[in-house]
Each structure stands twice: as structure tokens, then as C-alpha cells.
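Visitor: Those sequence lines, one after another, are chains B and R.
For the first sequence, the working numbering gives the first residue as 751, with consecutive numbering after it.
For the second sequence, the working numbering gives the first residue as 81, with consecutive numbering after it.
Hints were generated in silico from the structure; no laboratory data involved.
Among these hints, one or two may not hold up.
Computed list of lysine-lysine pairs in DSS-like fashion (alpha-carbon distance at most 30 Å, straight line) [as the list claims (entries may be wrong)]:
id, chain 1, residue 1, chain 2, residue 2
1, B, K868, B, K927
2, B, K935, R, K120
3, R, K122, B, K896
4, B, K951, R, K122
5, R, K140, B, K896
6, B, K939, R, K122
7, B, K755, B, K817
8, R, K145, B, K896
9, R, K120, B, K866
10, B, K935, B, K753
11, R, K97, B, K939
12, B, K951, R, K145
13, B, K817, R, K93
14, B, K809, B, K782
15, R, K122, B, K863
16, R, K140, B, K937
17, B, K951, R, K107
18, R, K122, B, K935
19, R, K140, R, K122
20, B, K753, R, K93
21, R, K145, B, K863
22, B, K755, R, K93
23, R, K97, B, K868
24, R, K140, B, K817
25, R, K140, B, K755
26, B, K866, B, K935
27, B, K866, B, K803
28, B, K937, B, K870
29, B, K866, R, K107
30, B, K803, R, K97
31, B, K803, B, K870
32, R, K93, B, K927
33, R, K107, B, K782
34, R, K140, B, K939
35, R, K93, B, K939
36, R, K120, B, K803
37, B, K937, B, K755
38, R, K120, B, K927
Predicted model only: the values in this text are computed from it and were never measured.
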Amino acid sequence: MDKLKDKSVLIVGCGGLGGYVIEELSRIGVGKLILVDGDVFSRSNMNRQLMAKEETLGKSKVETYAKRLGEISNCQVEVHSEFLTEDNTHLIDQADIVIDCVDNVEARFLIAKACKEKGKMFVHGAIDGEEGQVMLCLPEDNTFEKYYRAVDDTLRHDTVSYAVATVASIEANVAVKALLGQQDKFKGKLIIIDLESVFVKIIDLAL
Amino acid sequence: MVTVKLFGTARLKFNEKEVQVEASTVKELTVVLAERYGVKAKDLRQFLIFVNDSNITALKMFRTKLNDGDVIMLLSPASGG
Numbered sequence: 751m752d753k754l755k756d757k758s759v760l761i762v763g764c765g766g767l768g769g770y771v772i773e774e775l776s777r778i779g780v781g782k783l784i785l786v787d788g789d790v791f792s793r794s795n796m797n798r799q800l801m802a803k804e805e806t807l808g809k810s811k812v813e814t815y816a817k818r819l820g821e822i823s824n825c826q827v828e829v830h831s832e833f834l835t836e837d838n839t840h841l842i843d844q845a846d847i848v849i850d851c852v853d854n855v856e857a858r859f860l861i862a863k864a865c866k867e868k869g870k871m872f873v874h875g876a877i878d879g880e881e882g883q884v885m886l887c888l889p890e891d892n893t894f895e896k897y898y899r900a901v902d903d904t905l906r907h908d909t910v911s912y913a914v915a916t917v918a919s920i921e922a923n924v925a926v927k928a929l930l931g932q933q934d935k936f937k938g939k940l941i942i943i944d945l946e947s948v949f950v951k952i953i954d955l956a957l
Numbered sequence: 081m082v083t084v085k086l087f088g089t090a091r092l093k094f095n096e097k098e099v100q101v102e103a104s105t106v107k108e109l110t111v112v113l114a115e116r117y118g119v120k121a122k123d124l125r126q127f128l129i130f131v132n133d134s135n136i137t138a139l140k141m142f143r144t145k146l147n148d149g150d151v152i153m154l155l156s157p158a159s160g161g
């Protein structure tokens, strides 16, 4: 995986999905991870977030993961203890790819807009209960916007730990493939994960 | 009879993940489901609708004919992280 050592990945959201994505990308050899999240760990995170434990409660998520990365890899880490907003989308500039690990629709649309403006690809991932989805979004396509037209952010199931890990691992997988120049493999595709019936399906959105 | 699989918002909203429906077109399907769930058919048409893995945008949209055994997916995103 030497080809990844010069790559830089920006992860927006370092909670459930983000925690697993950080762990996996660092272990596979990505050279630099840029972590963006203004949140701290709380007790309600303990059911699904890798680094949520008694001693990290109240501590910055990005700082906690930076410490973790120092223990497990040689990956270069840059942390931003802030949420991504219209005012700091410049953070995306130096990344080869962005990974959407946030937990709300508004932030996802901001990532999609900023990545389109800056010509960056991003991997979208989201979960609800035992289901989730992953998409590779390229700056020249509109798959994210079209898929997200019918979302209702007010409806939520409790998120299940194994769904977080599964969806995050698929996000990491898609990101690595894209970093290695294999974007066409996922272009215009929606990966649906339904762990209630243990079902993973890749469909062509053909939008 | 066709099988309808619901994902994301659709599954949350209607509290079902799979239903059997008698309908001969996608339009009729949305009308039947709208009655079943007490919503407007036009709201159901906001979801991405796939018939046997093909987006209806690549078929005949709501005029797409349905046959016994077809599998329809009503897709909408999950949004948690």
C-alpha cells in the first residue's frame, strides 16, 4: 500500500463512522489524515464510537483520535477541533479525498457543495438503525443531491454498533479504491447495506 | 403481486421493510401504497423507485408496467453517522 503514503484524506465527523474510518485508513497506510470535528465524547456515544470510553468522556474527539493514531501508525495527523462550516471549507483544499462521516443532512449538503466547488471527490456514508448507504460522489456528478431529495432528518432509529462498523469499512474501502484511481468502479453507484436481513446491494442510480 | 422493499426514510415513516402489493404500473403502486399509509401518492413519488434494480428514470417512469414477481425498491437515504 505504498501508493497511499502520499495521499491525504480529510474526514469530516469523528464519531461513529469517522472513528472506524480513521482507524482503518491509518492502518492501511494512508500518509495523512485531516480530522475535522468540534464535538467531545459523551456517554451516549459509547454504544458505537470506538474511542468513547470512561476516560475520554468530555474530551475532544479529534484530539483523542490524534493520540490514538500516534499509538498505532506513522500516519501524519492534522486536527481541527471545529465543525465544518461555510467559513472553513478551505480545510478541504489540501485533501485528495473527503469522507463524509457526519450525522446530519445539513452538514452533508455542505460537504457536497464544497467538494463540487473545489473539484474534490468525496465518499458519502450514512446509517440508521441496521441499514445504511455508501456512495462515491465525483465533482462532476449530482448523485448525492438527487438521492437526498427525499430525506427526512427528523426520523431516526437508534444506530447499531455493527452497522456503524460495516458502513464505515465500506466507506474506507471505496476511498482507498478512489485514491488508487479506480473511481469508475463506483461512479454513479449506490451501495445499500441492510444488516437486518444481512443484505448488501450495489445499484446503478442511472440518474 | 409485486414485492416492495422500503429503505431509509420510507422504512422509518411507514414502519415496514417489505410489503406485497397488487399493482400493474408504478403509478398504481404509489396510489395503493399511499392509501395503505395514509399519505399522498405524490409524496411517495419523491423516493427513488427501482423496478428489478432499474431506476424508473431509465424505464417509463410512473408508466412502467409491473409484472407478478417484480421487486420494487423505494429508496431514500439514511442520514445518521
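Visitor: Could you run down the list of hints and mark each one as holding or not?
Guide: A quick look at each hint next to the structure:
no.: 1; hint: B:K868 x B:K927; result: holds, 20 Å
no.: 2; hint: B:K935 x R:K120; result: violated, 37 Å
no.: 3; hint: R:K122 x B:K896; result: holds, 17 Å
no.: 4; hint: B:K951 x R:K122; result: holds, 27 Å
no.: 5; hint: R:K140 x B:K896; result: holds, 18 Å
no.: 6; hint: B:K939 x R:K122; result: holds, 25 Å
no.: 7; hint: B:K755 x B:K817; result: holds, 20 Å
no.: 8; hint: R:K145 x B:K896; result: holds, 24 Å
no.: 9; hint: R:K120 x B:K866; result: violated, 34 Å
no.: 10; hint: B:K935 x B:K753; result: holds, 18 Å
no.: 11; hint: R:K97 x B:K939; result: holds, 22 Å
no.: 12; hint: B:K951 x R:K145; result: holds, 23 Å
no.: 13; hint: B:K817 x R:K93; result: violated, 41 Å
no.: 14; hint: B:K809 x B:K782; result: holds, 22 Å
no.: 15; hint: R:K122 x B:K863; result: holds, 28 Å
no.: 16; hint: R:K140 x B:K937; result: holds, 23 Å
no.: 17; hint: B:K951 x R:K107; result: holds, 25 Å
no.: 18; hint: R:K122 x B:K935; result: violated, 34 Å
no.: 19; hint: R:K140 x R:K122; result: holds, 17 Å
no.: 20; hint: B:K753 x R:K93; result: violated, 44 Å
no.: 21; hint: R:K145 x B:K863; result: violated, 37 Å
no.: 22; hint: B:K755 x R:K93; result: violated, 44 Å
no.: 23; hint: R:K97 x B:K868; result: violated, 38 Å
no.: 24; hint: R:K140 x B:K817; result: violated, 54 Å
no.: 25; hint: R:K140 x B:K755; result: violated, 47 Å
no.: 26; hint: B:K866 x B:K935; result: holds, 20 Å
no.: 27; hint: B:K866 x B:K803; result: violated, 36 Å
no.: 28; hint: B:K937 x B:K870; result: holds, 14 Å
no.: 29; hint: B:K866 x R:K107; result: violated, 34 Å
no.: 30; hint: B:K803 x R:K97; result: violated, 34 Å
no.: 31; hint: B:K803 x B:K870; result: violated, 34 Å
no.: 32; hint: R:K93 x B:K927; result: violated, 35 Å
no.: 33; hint: R:K107 x B:K782; result: violated, 50 Å
no.: 34; hint: R:K140 x B:K939; result: holds, 21 Å
no.: 35; hint: R:K93 x B:K939; result: holds, 25 Å
no.: 36; hint: R:K120 x B:K803; result: violated, 45 Å
no.: 37; hint: B:K937 x B:K755; result: holds, 24 Å
no.: 38; hint: R:K120 x B:K927; result: violated, 41 Å
Going through the hint list in order, the structure does not satisfy hints 2, 9, 13, 18, 20, 21, 22, 23, 24, 25, 27, 29, 30, 31, 32, 33, 36 and 38.
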